[in-house]
Amino acid sequence: GENVEQHPSTLSVQEGDSAVIKCTYSDSASNYFPWYKQELGKRPQLIIDIRSNVGEKKDQRIAVTLNKTAKHFSLHITETQPEDSAVYFCAYKRVQGAQKLVFGQGTRLTINP
Amino acid sequence: KAGVTQTPRYLIKTRGQQVTLSCSPISGHRSVSWYQQTPGQGLQFLFEYFSETQRNKGNFPGRFSGRQFSNSRSEMNVSTLELGDSALYLCASSLAQSTGELFFGEGSRLTVL
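Protein chains in written order, with the numbering used here: chain Z, -6 to 106; chain S, 11 to 123.
Please keep in mind that the hints were generated in silico from the structure rather than gathered at the bench. Among the clues, some could well be false.
As the list claims (entries may be wrong) - Pairs of lysine to aspartate or glutamate, DMTMM-like flavour, derived with a Cα cap of 25 Å:
1) K35/Z to E116/S
2) K15/Z to E32/Z
3) K50/Z to E76/Z
4) K64/Z to E76/Z
5) K51/Z to D10/Z
6) K35/Z to E85/S
7) K61/Z to E76/Z
8) K50/Z to E32/Z
9) K51/Z to E72/Z
10) K50/Z to D10/Z
11) K15/Z to E76/Z
12) K51/Z to E76/Z
13) K51/Z to E111/S
14) K67/S to E(-2)/Z
15) K67/S to D20/Z
16) K64/Z to E111/S
17) K61/Z to E111/S
18) K15/Z to E72/Z
19) K50/Z to E111/S
20) K35/Z to E111/S
21) K50/Z to E(-2)/Z
22) K67/S to E111/S
23) K51/Z to D77/Z
24) K15/Z to E111/S
25) K61/Z to E(-2)/Z
26) K35/Z to D52/Z
27) K15/Z to E(-2)/Z
28) K67/S to E92/S
29) K50/Z to D77/Z
30) K35/Z to E8/Z
31) K61/Z to D42/Z
32) K67/S to D10/Z
33) K51/Z to E32/Z
For reference, chain S alone in the conformation it holds in the complex (with noise of 0.2 Å):
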């Protein structure tokens, strides 16, 4: 089975523009959730899809969105970016919602100037 897979790998973006990230889950897996991580904060929760459907979301501003496709697919987007948003975008895809073992992906590297 193919792992989760994220694509772009690493991109560079300036300030006030948008981004989109996306997240092929592992084939069967329906839970997808997307994470934060910097070097001071850890992992940090954005948000988890399932069947279509947002069931989680963390402590981020509405300038953080995502939404996720029939066939379990997931896009992030981040509006109006600031510098404080470069990190590394972790995508990861479970089984089931809120449950069991996390399949991380590669990641996606913003670079924010």
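Isolated chain Z, as found in the complex (with noise of 0.2 Å):
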């Protein structure tokens, strides 16, 4: 199939403490695999992105990590804050058939002050 398995569907942390998003993917040819975060009423907005060419990719207070072999890539935010709060979607780049960007379903992210 070409569905992403993304997991927990919703995550509540301290502020201060990390979370972490985990995304399993199924086309093994796949070589893009970006984050968008979501606030409520808004769009969903690129945060981090890894091309399958690197382990590991950081921002500042995010990180993604791919593992090409497992075919899963995680999201962590470290240091959380108020802001942080949303829905965050992985998706990953369909190369066998049809090329286009799979969605997760989502997790949604409260940060409790």
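Since each chain comes alone in its own frame, lean on the hints to assemble the complex.
Printed below as a string of structure tokens:
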């Protein structure tokens, strides 16, 4: 199939703690893995992406890791802040067949003050 | 640069009617993709247009159609509306086809009664 499994569907953490969201994909030929953040009532926006030639990428408090062998990738947010509260979507670029971005179901992250 | 613009932002229709949604991509972007967002299904790919041609299509019935004009603006149409078509329809543009960052619009929220 072409689905990407995203876990957990909801996540609640204390401000300052870390949050981790994991995704598993099926297309072994995939080479592009972005993460989008959607705040309440807003449009999804790209926050970080990784290509298959690297295993990890960091941007300040967020990082993404990729394990191509296991076909899973994860988003890590450290030192969480209230403005991190949003829905996060992982995605992968499907290469086999019709090329398109396939999105996960989303994770609703709530940061508790 | 102006972002991706979608119209109308909100609309209410009744079953059996048809609806047309419009999307103006970021200037210079030639690829336009459409997604359906529902609470339980996340972001579901509808179709992608590049240079006025449909390049990819998702698993939606033929009631869902679209087109792209020479100025890269795109429209999608849903005929014979069903209750289950109620959703947020998001348009996204990118520089090239099926690759790179997607820039989303605010979406058109369709309610079918």
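For each hint, the structure was consulted:
1. For a cut-off of 25 Å, the pair hint linking K35/Z to E116/S stands: about 6 Å separates their Cα positions.
2. For a cut-off of 25 Å, the pair hint linking K15/Z to E32/Z stands: about 19 Å separates their Cα positions.
3. Restraint check for K50/Z and E76/Z: satisfied, since their Cα atoms lie roughly 21 Å apart, inside the 25 Å limit.
4. Annotation: proposed proximity of K64/Z to E76/Z is violated, straight-line Cα distance about 30 Å (limit 25 Å).
5. Restraint check: the Cα-Cα separation between K51/Z and D10/Z comes to about 17 Å, which is no more than 25 Å; the hinted pair holds.
6. Straight-line distance between C-alpha atoms of K35/Z and E85/S comes to about 21 Å, which keeps the hinted pair within the 25 Å bound.
7. Note on K61/Z and E76/Z: the hinted pairing is violated, with a Cα-Cα distance of about 31 Å set against a maximum of 25 Å.
8. Taken as a hint, the K50/Z and E32/Z pair is honoured in the structure, with Cα atoms around 23 Å apart against an allowance of 25 Å.
9. At roughly 14 Å between alpha-carbon atoms, K51/Z and E72/Z fall within 25 Å of each other, so this suggested pair holds.
10. For the hint linking K50/Z to D10/Z, the alpha-carbon distance of about 20 Å falls within 25 Å, and the restraint holds.
11. About 20 Å separates the Cα atoms of K15/Z and E76/Z, which keeps this hinted pair within 25 Å; it holds.
12. With a CA separation close to 19 Å, the supplied pair K51/Z and E76/Z stays within the 25 Å bound.
13. The hinted pair formed by K51/Z and E111/S meets the criterion: a straight-line CA distance of about 17 Å does not exceed 25 Å.
14. At roughly 21 Å between alpha-carbon atoms, K67/S and E(-2)/Z fall within 25 Å of each other, so this suggested pair holds.
15. For the given pair, K67/S sits about 17 Å from D20/Z by alpha-carbon distance, which is consistent with the 25 Å threshold.
16. The suggested pairing of K64/Z with E111/S holds, with an alpha-carbon distance near 21 Å, which does not exceed 25 Å.
17. For the given pair, K61/Z sits about 21 Å from E111/S by alpha-carbon distance, which is consistent with the 25 Å threshold.
18. For the proposed pair K15/Z and E72/Z, the alpha carbon gap of about 18 Å is at most 25 Å, so the pair holds.
19. With a CA separation close to 16 Å, the supplied pair K50/Z and E111/S stays within the 25 Å bound.
20. Restraint check for K35/Z and E111/S: the C-alpha separation of about 17 Å stays at or below 25 Å, so the hint holds.
21. Proposed proximity of K50/Z and E(-2)/Z is supported: the alpha carbons are some 21 Å apart, at most 25 Å.
22. Taken as a hint, the K67/S and E111/S pair is honoured in the structure, with Cα atoms around 19 Å apart against an allowance of 25 Å.
23. With a CA separation close to 16 Å, the supplied pair K51/Z and D77/Z stays within the 25 Å bound.
24. Restraint check: the Cα-Cα separation between K15/Z and E111/S comes to about 20 Å, which is no more than 25 Å; the hinted pair holds.
25. Distance restraint check for K61/Z and E(-2)/Z: the Cα-Cα separation of roughly 15 Å lies within the 25 Å cut-off, and the hinted pair is therefore satisfied.
26. A hinted pair counts as satisfied when its Cα atoms are at most 25 Å apart, and K35/Z with D52/Z qualifies at roughly 22 Å.
27. For the suggested pair K15/Z and E(-2)/Z, the alpha carbons sit about 8 Å apart, so the restraint of at most 25 Å is met.
28. For the hint linking K67/S to E92/S, the alpha-carbon distance of about 20 Å falls within 25 Å, and the restraint holds.
29. Taking the CA atoms of K50/Z and D77/Z, the gap is about 19 Å. The hint holds against a cut of 25 Å.
30. Straight-line distance between C-alpha atoms of K35/Z and E8/Z comes to about 22 Å, which keeps the hinted pair within the 25 Å bound.
31. A C-alpha spacing of about 15 Å is found between K61/Z and D42/Z, which places the hinted pair at or below 25 Å, so the restraint holds.
32. At most 25 Å may separate the alpha-carbon atoms for a hinted pair to count; K67/S and D10/Z exceed this at roughly 41 Å.
33. Taken as a hint, the K51/Z and E32/Z pair is honoured in the structure, with Cα atoms around 21 Å apart against an allowance of 25 Å.
In summary, the numbered hints that this structure violates are 4, 7 and 32.
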